[in-house]
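Q: Here is how the chains run, residue by residue.
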Amino acid sequence: MTDTNDYIKYIAGLAKLSLDDEEMQSLAEDMQDIIGLMDTIKDLDTESIGATEHISRVTNNMREDRAGNPFDTEKILSNSKHAMENCFSIPKMIE
Amino acid sequence: MEITRLTIKEARTLLDSKKISAVELTDIYMNRIKTLDGKVDSYLSVCEETALLQAAEAQKKIDGGNGGMLCGIPLSIKDNICIEGTKTTCASKMLEDFIPPYTATAVNKLHSQNAVILGKVNLDEFAMGGSTENSAFKKTKNPFDLTRVPGGSSGGSAASVSASLALGSLGSDTGGSVRQPSAFCGVVGMKPTYGLVSRYGLVAFASSLDQIGPIGKTVEDCAILLDGICGQDPRDGTSLNYKPEVPYAASVAGGIKNYSIGLPREYITEGLNSEVRAALYKSIETLEKLGAKVEEFSMPSLKHAVPAYYLMSSAEASSNLSRYDGVKYGYRAENSRSYNEMIGRSRAEGFGREVKRRILLGTYALASGYYDAYYKKALKLRTLISQGFDEAFAKYDVVLHPTTPETAFKLGQNTDDPLSMYLADIYTVSANIAGLPSISLPCGYDSNGLPIGLSFTGKPLGEREIFRAAAAFEADFAPGFRVPVLTGG
Amino acid sequence: MKYIPTIGLEIHAELSTKSKIFCDCPVSFGGEPNTRCCPVCTGLPGTLPVLNKTAVEYTVKAGLALNCEINEFSKLDRKNYFYPDLPKAYQISQFDLPICKNGGITINTPEGEKFIRIERIHLEEDAGKLLHDSYDNYSLADYNRCGVPLIEIVTKPDLSSSEEAREFVEKVRLMLLYSGVSDCRMEEGSLRADVNVSIRPQGTEELGTRTEMKNINSIRGIARSIDAEIERQSELLDEGKKITQETRRWDDNKGESKSMRSKEDAHDYRYFPEPDVVPISFTKEEIEAFRKALPELPDKRLAEYTGEFGLSEVDANLLLTSVSLSDFFESAAKECGNPKAASNFITVEVLRQLNDTGLSAEDIPFGGEVLGRLLKLVENGEITAANAKKVLAEMFEGGKNPEDIIAEKGYKVINDTGEVENTVKEILAGNEKAVAEYLAGKEKTFGFLMGQCSRALAGRGNPKVVQEVLRSELNKLKG
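Protein chains in written order, with the UniProt record's numbering: chain A, 1 to 95; chain B, 1 to 489; chain C, 1 to 479.
Careful: at least some of the hints might be erroneous.
[Stated by the list, open to error] No more than 30 Å apart at the CA atoms, straight line, and that leaves these computed lysine-lysine pairs for DSS-like:
| no. | chain 1 | residue 1 | chain 2 | residue 2 |
| --- | --- | --- | --- | --- |
| 1 | B | K109 | C | K53 |
| 2 | C | K129 | B | K376 |
| 3 | A | K75 | C | K444 |
| 4 | A | K75 | C | K79 |
| 5 | C | K214 | A | K92 |
[Claimed, not checked] Now the in silico label distances, taken between C-beta atoms and shown as ranges:
| no. | chain 1 | residue 1 | chain 2 | residue 2 | range |
| --- | --- | --- | --- | --- | --- |
| 6 | A | D21 | B | T7 | 40 to 46 Å |
| 7 | C | K409 | A | M84 | 57 to 63 Å |
| 8 | C | M260 | B | L146 | 54 to 60 Å |
| 9 | A | E64 | C | N67 | 25 to 31 Å |
| 10 | C | K334 | A | M84 | 52 to 58 Å |
| 11 | A | D21 | B | N448 | 53 to 59 Å |
| 12 | A | E64 | C | E349 | 40 to 46 Å |
| 13 | C | T109 | A | G50 | 22 to 28 Å |
| 14 | B | L146 | A | E29 | 28 to 34 Å |
| 15 | C | K254 | B | Y242 | 56 to 62 Å |
| 16 | A | D21 | C | T109 | 56 to 62 Å |
| 17 | C | D136 | A | G50 | 51 to 57 Å |
| 18 | A | S78 | C | R352 | 23 to 29 Å |
| 19 | A | M84 | B | N31 | 42 to 48 Å |
By construction, these hints were calculated from the structure, which means they are not laboratory data.
The model shown is predicted, which means the values in this text are computed figures rather than measured ones.
No residue lacks a Cβ here, since even glycine has one placed at the ideal position from N, Cα and C.
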């Protein structure tokens, strides 16, 4: 089962969830059961069936190219406790 | 006026005939919230000041003789639907302080019809769950039994209507999140056809499945609310260019004589509780008595609806919830030394356990090497299920089924058992998968006095048919309709 | 050469729509941070993208200009990755059904014409910008550029040198400019390219390991990065070392590239169909209508300029470097009826004015037809070429018609022989010495006398007439 655990670790990394060992372990256990349920469809033969990507079956619902007024910068930043110089600040990105 | 049995329709008559003012009506609900919501815990925030202003404004409209159906009607809104300047938390620590600078289109429509917004109600975090226990802030109780869950994820919406802490409510339904809590709380809840109601301002869980839906005490109330919120929205590219010619509320009556109703055999499983099963068959007798023809039919693809639903919804959720990275809004882990540490810790600390499960499942379903086996397969099942319904609706006006396999369970009973929670969604998820309208209404009570829900599912844009079927059933059931007994103090 | 390079390009061009791809925020370059943003393009919860119709149409036009097939059915997909310049943590792009596919253009190489295949052109949204310079401990995110519509043009690995790459990008740039879908201002980052390079020893068939350099925003940079990368890879192979498949960052100032630390999850983008945007579909008729409505492209113009108009290839290409200049030339040529004369005047005098004033062709304060009127006056001998230049300078100052300037300054050529005769006689009378020399057979003196006459006529004399009169008056003196 450690293969699955390693894979869940990889998935958590991909999803940017920094889980501690304990939480990782218990979530991995949950995932075993859940993936077991998902696996019930794995072997169905659906070769000849198309995938439904949009259920509403409409196309081309577009808007005209008209420029409106942008939002106040203040409002855009209003939910950030870390705004600086009208920007969202984050720890320094090292490239 | 018996407040616990008051409907939107009746309140309209009282308001229009000046038997009560909009402010008085709002006051009544505000007082009930103050005295009773401590027991139910349905509200996350109460907007007393703005509600009273809205009520006063509504009264002016009524006095001027130009109030519409929803003018002065006090409603609650699920806390994943944005209202400008009002906290919208999604019951998540992640959005504990989030105040959107914009309003959802559905709520804007309510505003423009002078409805009164009493406050924002509880839900499972990001609408993921079926008990409202996944809220980061409080556990809402079932008004019929305060030791039980109200269902979810729109548990706050259903409980607030059931306990008469609002005349109606807007919830959201991704896999049954309006209908299941409505069934648990003994009220009427409906999920519209995908695209009938704008999703703009509804915090996305699974974009291809989410719909905002109304909850009320009666079928007609749901139809009135749906009339108030439906219609194409230039801000939602998936909203349909459709508006009913006649308001839904005006077409609920008419009966179901000669209606052809189908019951999918695959839904009658061992998991279906015997009391719920008995209520279902009793309901079928009623429907036949009312002149409908009910028959069983087979739709084998329904057996795979639950895994297909969880793969699709979780895949979309994993992407929709990626924006909560601590950069622009929402929870940010303090003292992070790097961007990667900040985002990883913010997400690990800001999201609850069920949300993490779904993110992991969804990421898994989309990850390279797994896409075809899981996500793509789910989309193919979506085709199969959709085709199955197409065939059914060639024969039947509506499809009938239980809303849930069981009635409301005890608080805490299923918190560590995600799998049985998922499996309990068996009857509701297929309407979302196929984008169909579906309504749940009370059809009986079990030996514990807990409500049992019955569902009608219709063809795309078949709202009228399901409202009519539900209304006909409801009219017959009305004498047995119960409201929970809550005492203040 | 010991090694044969194989080069592929991914060119990103910003579309010149008025508004962003999924919201109505205005698209323009620069500006204070986060002043061209709204809840949609900053990814606030609950907001939804609504596709800009013009962005889709521009993609189709670009595809047609670059000889692509247009998919009758295409869709948008989500490309999932976390980066602070991407507020939704996914980019809406296109994965398996791009709007355009299977195109290509012919470029000129020293070995002759070569067709470079274009695999696909897809539509996507741009990301924001991170600013790193203000603080030691913080980076700042500005989302003005988020949601600016981009097309990505992906070539097959058909290029084999930096010169070919340069030629290709130049030509694609022109095609995009002429089809009116992008202003391709590289200095503003509205055209950028990712470059894929591999090399293989002469005489072998199997392609070598390729590396990718991202976000190069000048044609010169593209060419330089390719040369540098070919050299780097050649040195490695010469030393018997292996080339690692990686993404490298090109530093145009240093003229070298550096390996970017590979992120462990960088390549698992978890693409899936974008549920918030319904698919795009076209009928065959709609695609044909787009094809018909496409503006005349530079290829066709080049053929016309060098053929029918008789311009040199150098002049033709000079005029074609900008749509505005080319349009300006065409209306001037049409008005004056002499494309060659229009070309000569524009490539020398107008370009000189642009150079002196620092304006670009879009900013010329008068239309090509107005210049055409001036050139027609020169053609008809109503104003001298020398004065036409002075008129042009005044026209650049703005506001005035050539006709008004000519009238005001009295530039109109004097065609009245009587007035010319009087002037010539006066000059001859005042220059006895020169006249004597001429009469003694010193032919050169004619030029001097001609100059004196022109000056006296203040440049307004029709040179032909002045010449005739002067000749005949001198002949009279010869007696």
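Q: If a hint holds in the structure, say so; if it does not, say that too.
A: Hint check results:
1. B:K109 - C:K53: Distance ~26 Å between K109 of chain B and K53 of chain C Cα, so the pair holds.
2. C:K129 - B:K376: violated, 34 Å
3. A:K75 - C:K444: With a Cα-Cα distance of about 81 Å, the restraint between K75 of chain A and K444 of chain C is violated, given a limit of 30 Å.
4. A:K75 - C:K79: Holds, because 28 Å separates the two Cα atoms, which is no more than 30 Å.
5. C:K214 - A:K92: Cα-Cα ~21 Å, so holds.
6. A:D21 - B:T7: 40 to 46 Å: Violated: the Cβ-Cβ distance is about 54 Å, outside 40 to 46 Å.
7. C:K409 - A:M84: 57 to 63 Å: Cβ of K409 of chain C to Cβ of M84 of chain A: about 59 Å, so the range 57 to 63 Å holds.
8. C:M260 - B:L146: 54 to 60 Å: Holds: the Cβ-Cβ distance is about 58 Å, inside 54 to 60 Å.
9. A:E64 - C:N67: 25 to 31 Å: holds, 29 Å
10. C:K334 - A:M84: 52 to 58 Å: holds, 56 Å
11. A:D21 - B:N448: 53 to 59 Å: violated, 42 Å
12. A:E64 - C:E349: 40 to 46 Å: holds, 42 Å
13. C:T109 - A:G50: 22 to 28 Å: violated, 44 Å
14. B:L146 - A:E29: 28 to 34 Å: Since the Cβ atoms of L146 of chain B and E29 of chain A sit about 32 Å apart, the hinted range of 28 to 34 Å holds.
15. C:K254 - B:Y242: 56 to 62 Å: The hinted range 56 to 62 Å holds for K254 of chain C and Y242 of chain B, with Cβ atoms some 60 Å apart.
16. A:D21 - C:T109: 56 to 62 Å: holds, 60 Å
17. C:D136 - A:G50: 51 to 57 Å: At 55 Å between Cβs, range holds.
18. A:S78 - C:R352: 23 to 29 Å: Given a distance of about 53 Å, which is not inside 23 to 29 Å, the answer is violated.
19. A:M84 - B:N31: 42 to 48 Å: holds, 46 Å
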